[in-house]
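2 protein chains.
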Amino acid sequence: MRIFRPGLVLALTFFAFTAAAVDEPAPLRGYSAAAARAERDWETRFRAIPDTRNLHDYMQRLSARPHHVGSAYDKDNAEWILARFRSWGLDAKIESFDVLFPTPRERAVELLRPARFVARLQEPAVAVDPTSSQQTEQLPTYNAYSRDGDVTGRLVYVNYGVPEDYEQLDRLGISVKGAIVIARYGASWRGIKPKVAAEHGAIGCLIYSDPKEDGYSQGEVFPKGPYRPPDGVQRGSVMDMPVYPGDPLTPGVGATPGATRLKLEEAKTITRIPVLPISYADAQPLLAALSGPVAPAPWRGALPITYHVGPGPAEVHLKVKSNWDIRRLYNVIFTIPGSTYPDEWIIRGNHHDAWVNGADDPVSGANVLMEEARGLAELLKQGWKPKRTIVYCVWDGEEEGLLGSTEWAEEHAEDLRRHAAVYINSDANSRGFLSMSGSHTLEKFMNGVARDITDPEKNISVWKRLQAHEIAEASNKQEVRNRSDLRLGALGSGSDYTAFLDHLGVASLNLSYGGEDGGGIYHSIYDDFYWYTHFDDTTFVYGRALAQTIGTAVLRLSDAEVLPYEFNDFSETVGRYVQEIEKLARDRRQQALDRNRQIDDGVFTAIADPQRTYVPPQRQPVPPFLNFAPLENGLAALTRTAERYEKALSRAAADGGSALARASLREINAKLVETERMLTLPDGLPGRPWFKHQIYAPGFYTGYGVKTIPAVREAIEQNQWKEAEEQIVRVGKVLENIGETIDAAAGGLENAANRP
Amino acid sequence: MRIFRPGLVLALTFFAFTAAAVDEPAPLRGYSAAAARAERDWETRFRAIPDTRNLHDYMQRLSARPHHVGSAYDKDNAEWILARFRSWGLDAKIESFDVLFPTPRERAVELLRPARFVARLQEPAVAVDPTSSQQTEQLPTYNAYSRDGDVTGRLVYVNYGVPEDYEQLDRLGISVKGAIVIARYGASWRGIKPKVAAEHGAIGCLIYSDPKEDGYSQGEVFPKGPYRPPDGVQRGSVMDMPVYPGDPLTPGVGATPGATRLKLEEAKTITRIPVLPISYADAQPLLAALSGPVAPAPWRGALPITYHVGPGPAEVHLKVKSNWDIRRLYNVIFTIPGSTYPDEWIIRGNHHDAWVNGADDPVSGANVLMEEARGLAELLKQGWKPKRTIVYCVWDGEEEGLLGSTEWAEEHAEDLRRHAAVYINSDANSRGFLSMSGSHTLEKFMNGVARDITDPEKNISVWKRLQAHEIAEASNKQEVRNRSDLRLGALGSGSDYTAFLDHLGVASLNLSYGGEDGGGIYHSIYDDFYWYTHFDDTTFVYGRALAQTIGTAVLRLSDAEVLPYEFNDFSETVGRYVQEIEKLARDRRQQALDRNRQIDDGVFTAIADPQRTYVPPQRQPVPPFLNFAPLENGLAALTRTAERYEKALSRAAADGGSALARASLREINAKLVETERMLTLPDGLPGRPWFKHQIYAPGFYTGYGVKTIPAVREAIEQNQWKEAEEQIVRVGKVLENIGETIDAAAGGLENAANRP
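Protein sequences, first through last, are from chains P and L.
Taking my numbering, the leading residue of the first sequence gets 2, the next gets one more, and so forth.
Taking my numbering, the leading residue of the second sequence gets 2, the next gets one more, and so forth.
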């Protein structure tokens with residue numbers, strides 16, 4: 002495949018007569034010229050292998066029956082995947098853990114007054130969809146790790162149930178104390194909703210899918226279209242994952258048979274109040290029975306009712322009782338030992354378990370991983386010998402709380418801290434644009450890979466297409482046009498990279514395609530083979546593209562002489578985060594000043610409608626100015642070393658990379674692997690020591706949503722000014738420390754270049 | 002009434018021992034100290050008069066039966082108002098005009114396929130609401146001045162039906178040629194929708210009220226709450242009023258019995274295609290029968306369906322036939338001759354006709370006008386003698402196209418151009434904050450009035466409450482806090498000030514209270530006494546506040562020695578408009594450049610989903626840089642004279658205003674009256690000569706929505722670059738001309754101050 006690059010065209014204009022100039026491929030970061038030629042050849046061979054027919058067949062097999070963790074078909078799938086890997090000649094095994102996994106025994110949602118209504122809590126089978134009728138094997142609609150409870154109370158509608166929504170309720174003079182709240186899905190990860198509700202005194206929580214975000218307002222509903230039908234329910238975990246993911250009973254250690262386990266009542270990540278998810282068909286009678294203030298305009302969904310906040314008169318009975326069993330999960334793992342640097346591991350994962358049939362989530366990613374595995378096996382047969390060790394992982398128990406990946410990462414923490422260079426994750430895959438998130442030390446690397454993959458719908462690279470998309474969306478189009486790299490998104494949580502990145506400090510990527518197809522079958526029985534092959538990447542061409550993308554990345558990482566981390570993009574990105582946080586502090590100060598001024602001037606009282614309850618906000622302490630110098634100094638040190646490293650690598654790669662042959666690559670690579678580890682601190686983030694990374698974390702009050710430089714940012718958001726200043730010092734030191742490690746790697750390269 | 006003012010408190014701190022300092026009221030613009038004392042006394046007496054019981058009773062009487070123009074009760078109301086005025090001793094009369102007023106004879110909306118559905122086109126009576134059952138007198142649901150038509154075609158949903166919506170349809174590859182469009186109310190005045198649809202080749206137009214903007218999404222529907230019920234319909238005129246309002250057959254002249262009339266087919270303001278308004282109950286089956294692309298997210302309303310754009314498969318039959326009758330309308334007018342300046346007129350108006358019972362629109366304003374009239378009559382009996390002539394007008398035929406006010410203004414154009422100083426309008430009134438729009442030469446005056454009116458719900462002035470509201474809403478709160486005057490909104494169209502301001506150049510104000518009560522009965526049978534007394538200003542205290550506000554304004558204008566125009570606020574406001582327009586030109590240039598760049602780079606093609614129709618935009622000519630210097634120079638001249646005038650008036654008002662006694666006030670006032678006239682040009686705006694004002698006009702493609710400096714702004718918006726440059730020159734000259742007139746007034750005041 003030829004990729005159009007303006008620079009290359011220019012070169013051709015002048016050197017068209019030298020055949021070498023025409024055939025010479027673009028250099029590869031971390032490769033000598035000769036190694037790059039060989040590498041490009043292997044990569045081209047690899048990309049020819051993935052086959053859409055296989056992706057189709059794997060999906061059909063894996064999603065044929067419900068396969069949640071602990072189910073018969075979950076184990077069956079793991080064994081089938083193991084057998085496939087072995088049949089391709091790969092050294093695969095199953096690694097099991099025994100984890101707490103509650104499944105519902107009793108569930109009830111009833112409206113007691115002003116009228117009686119019993120929620121159905123059941124997704125009906127659809128005639129055209131063969132697997133939707135497998136009721137005996139389907140997990141009921143529920144939120145895993147909801148505590149048991151049997152509560153009755155007045156209902157209050159809390160919009161998305163995020164902290165700002167409760168501020169709005171305060172203005173309306175409405176308390177949820179002793180009430181059952183009903184929140185809609187969206188705006189935060191679902192586990193945040195019961196957590197914040199409990200903090201405000203609620204005794205129960207319902208979460209429903211509003212058709213505005215997830216139903217007919219988006220498009221025709223299943224089976225006529227891909228969107229959520231009236232009785233469709235989003236299952237999901239409500240474990241307090243921002244505290245720690247994985248088995249609630251074994252935080253920080255692998256849930257092996259002999260592991261020390263907490264008692265159930267000691268587990269911090271189980272909700273404080275009972276929670277159930279419901280469909281919009283079940284939610285409508287409850288919401289319609291509310292009175293009280295009309296919901297603020299942004300709170301209104303697409304149901305054909307007037308949305309009121311309550312409280313009451315609707316009174317609701319909510320009951321949840323689970324079997325709190327320990328169940329076995331089955332991770333499937335294979336390893337390809339490295340030929341040159343066996344102690345540097347490139348790890349790749351995708352989960353295989355689903356809430357029900359899970360054709361989209363996760364099989365549309367798991368089938369891609371399998372097809373990559375088959376491709377690697379093919380290359381091995383053709384004589385390919387990766388320099389680094391490659392570890393492929395098909396995780397179990399992701400849906401409940403990243404169980405399989407977290408327990409495995411905790412169990413192998415010591416080895417992983419020593420050896421893991423990069424973790425590449427995928428999950429559900431769709432049709433459209435490449436989505437790239439991850440560690441910004443891999444930003445330039447990942448851009449290079451994306452330039453080499455052809456979009457299956459357009460005769461251009463997926464990089465070019467993504468750039469076009471970002472130009473079209475951007476407010477500052479010139480910035481996108483002029484920057485050599487497209488930006489990686491920062492990783493929060495929500496898939497299996499979490500333990501690697503956040504707990505262990507392993508540079509990570511999360512990759513997928515999407516943006517052209519929508520749908521509303523997430524975590525429902527309708528996420529199945531029928532749905533996927535009618536409404537998503539129906540020809541599996543984007544599944545193939547993802548296998549080509551990730552396979553290329555795995556090859557390029559495992560064969561490089563110097564691991565292709567890059568620190569200029571990283572330091573520039575951290576600089577943006579620092580600026581954001583400084584602006585956040587300034588804005589919060591200004592907002593507090595301004596709000597206090599309005600309170601003092603009687604503005605809120607003057608504008609309040611006396612016919613409506615309105616509680617003016619209270620005066621707030623004005624945030625002080627913070628000393629950001631330690632962060633700025635740390636950033637300056639990082640920026641300087643990033644530039645030094647880049648110069649050193651350029652020099653080492655000059656003249657076809659002759660200096661690389663002289664370099665102590667083992668030591669340099671070891672330093673490079675260490676860099677991401679330097680971004681962690683052993684005692685982690687304030688109040689949640691499991692999360693050790695100081696640049697990325699899922700937000701304590703957003704869940705999946707990322708908070709960058711989280712210790713500082715969240716302290717500011719929560720008005721913890723003293724803590725913010727302390728964390729600024731800690732993070733500043735972290736930036737200095739990674740700078741020192743980068744310096745060491747740069748020194749290694751410089752030495753090689755200086756030697757004759 | 003005492004108004005809290007920080008400055009006054011400061012004064013009290015130092016001078017509390019001098020009784021004079023305590024009792025001396027704030028000076029009044031255009032008044033000597035002695036005259037101000039007398040004036041404040043009359044105003045205080047006036048404000049004690051308006052009585053909520055009377056407002057209640059007038060409303061009950063006027064809205065007791067349907068009273069559209071041409072109906073029996075419309076004439077009956079006019080005669081009853083006339084009798085009231087005369088009973089109070091006022092010199093009142095009826096002035097009639099004979100106007101074209103179509104009423105429907107046949108109406109049909111039918112879905113022919115894919116299923117058959119016949120629209121009801123009828124608002125049902127509601128048991129608790131006594132007047133809702135007066136069906137024999139109610140006008141059917143229709144859009145007046147829709148041409149007759151009987152068409153069948155495929156349906157296309159066009160969102161609000163404004164020009165940008167058709168650009169979006171172009172991108173989707175959808176044409177409305179030969180189709181019937183269905184647009185929702187909102188985003189533009191209704192008459193724009195059939196106009197733009199016809200420009201794009203549609204053969205018919207339906208307009209419906211979506212529950213998102215006007216129905217259950219806003220709040221509980223009538224009769225449980227104030228919002229539009231499923232079968233409620235918004236009647237309304239679709240006359241092309243941005244071309245000219247008033248009788249379509251007599252543009253520019255009064256529709257007297259002997260006036261020369263156009264033939265019906267010559268009238269430019271009748272729609273080119275048939276139009277009918279429908280309820281959301283009638284719209285839902287039509288919208289649900291559409292397929293084609295799912296409507297873009299901002300196009301989706303609150304009906305429980307997936308909104309598609311079409312075209313078809315829905316096929317619709319639309320039929321409208323009207324009786325095209327000439328009907329008589331009845332304006333009620335009284336005059337109080339001025340004692341000192343009888344040739345300077347202060348005019349005040351509100352219409353009395355309604356679409357049906359119209360308790361809110363217009364009776365909640367008409368009753369206020371009546372109570373003001375009673376108050377003025379009381380003062381006259383007590384010996385008050387206004388210096389200027391006061392003319393009170395109760396208009397007929399406003400709803401159909403400002404018929405009564407336009408014909409009267411056209412008939413009396415010569416006198417009005419000579420004598421009219423200020424026109425003050427009101428229309429429907431509600432509960433909440435003062436709403437002030439109008440000529441910015443009256444901004445400072447109106448702020449002064451608002452400071453003297455007490456809000457009936459809060460113990461503060463309506464000015465203070467409005468300021469609090471604007472501080473709360475503003476992005477730049479300091480600007481609102483620091484500016485001595487709250488800004489007047491600019492006037493577009495939609496009520497009876499239009500002929501005065503836009504055609505004749507009479508400085509105008511439009512005033513009301515609102516913002517605390519919502520509702521969805523606009524132009525329906527449910528806008529009636531039951532609704533208003535259950536859901537709006539139920540105790541009529543804001544009706545009383547409006548009578549106090551406008552009555553105070555009328556007194557203060559009619560008694561002033563120097564008319565209280567002010568030109569600094571005006572020139573500052575025009576300066577803002579000039580900046581807006583320069584930014585508009587820059588932005589449009591940048592947008593065109595950027596879009597062309599994206600087209601050249603293939604961005605639109607690269608991001609398009611091949612499974613969906615997408616038509617990339619065409620390359621556009623890049624707008625040139627424009628020469629704004631003539632506008633800037635005109636503005637500079639205006640600004641200079643505004644400052645000169647302000648200094649001159651301050652000097653004349655010094656020492657209790659002794660210089661005023663020596664001034665040639667008649668000449669100075671005549672110059673001041675002339676200023677707003679200087680803002681008009683005899684040949685009006687490009688393509689619509691009836692609209693002569695060069696600062697304010699209803700937008701050609703927005704309808705009621707204002708376009709400031711319209712000739713320049715609309716030329717830029719429509720890419721008429723040559724025309725834009727020509728209009729910049731014309732408007733620049735207009736600003737110079739008003740500057741010269743202000744200079745003359747300033748000179749008169751300076752002469753008086755310089756004389757001993």
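A couple of the hints might just be wrong.
Just so you know, same-sequence chains aren't split out, so a pair can sit in one copy or run between any two.
Computed cross-link-like contacts, SDA-like style, restricted to lysine to any residue with a CA-CA straight-line distance of at most 25 Å [to be verified]: (1) 459 / 603; (2) 723 / 703; (3) 213 / 301; (4) 213 / 91; (5) 178 / 338; (6) 478 / 584; (7) 213 / 226; (8) 459 / 297; (9) 213 / 169.
These are calculated hints, taken from the structure and not from any lab test.
- Message: Check the structure against each numbered hint from earlier and tell me which ones fail, lowest number first.
- Response: 4, 5
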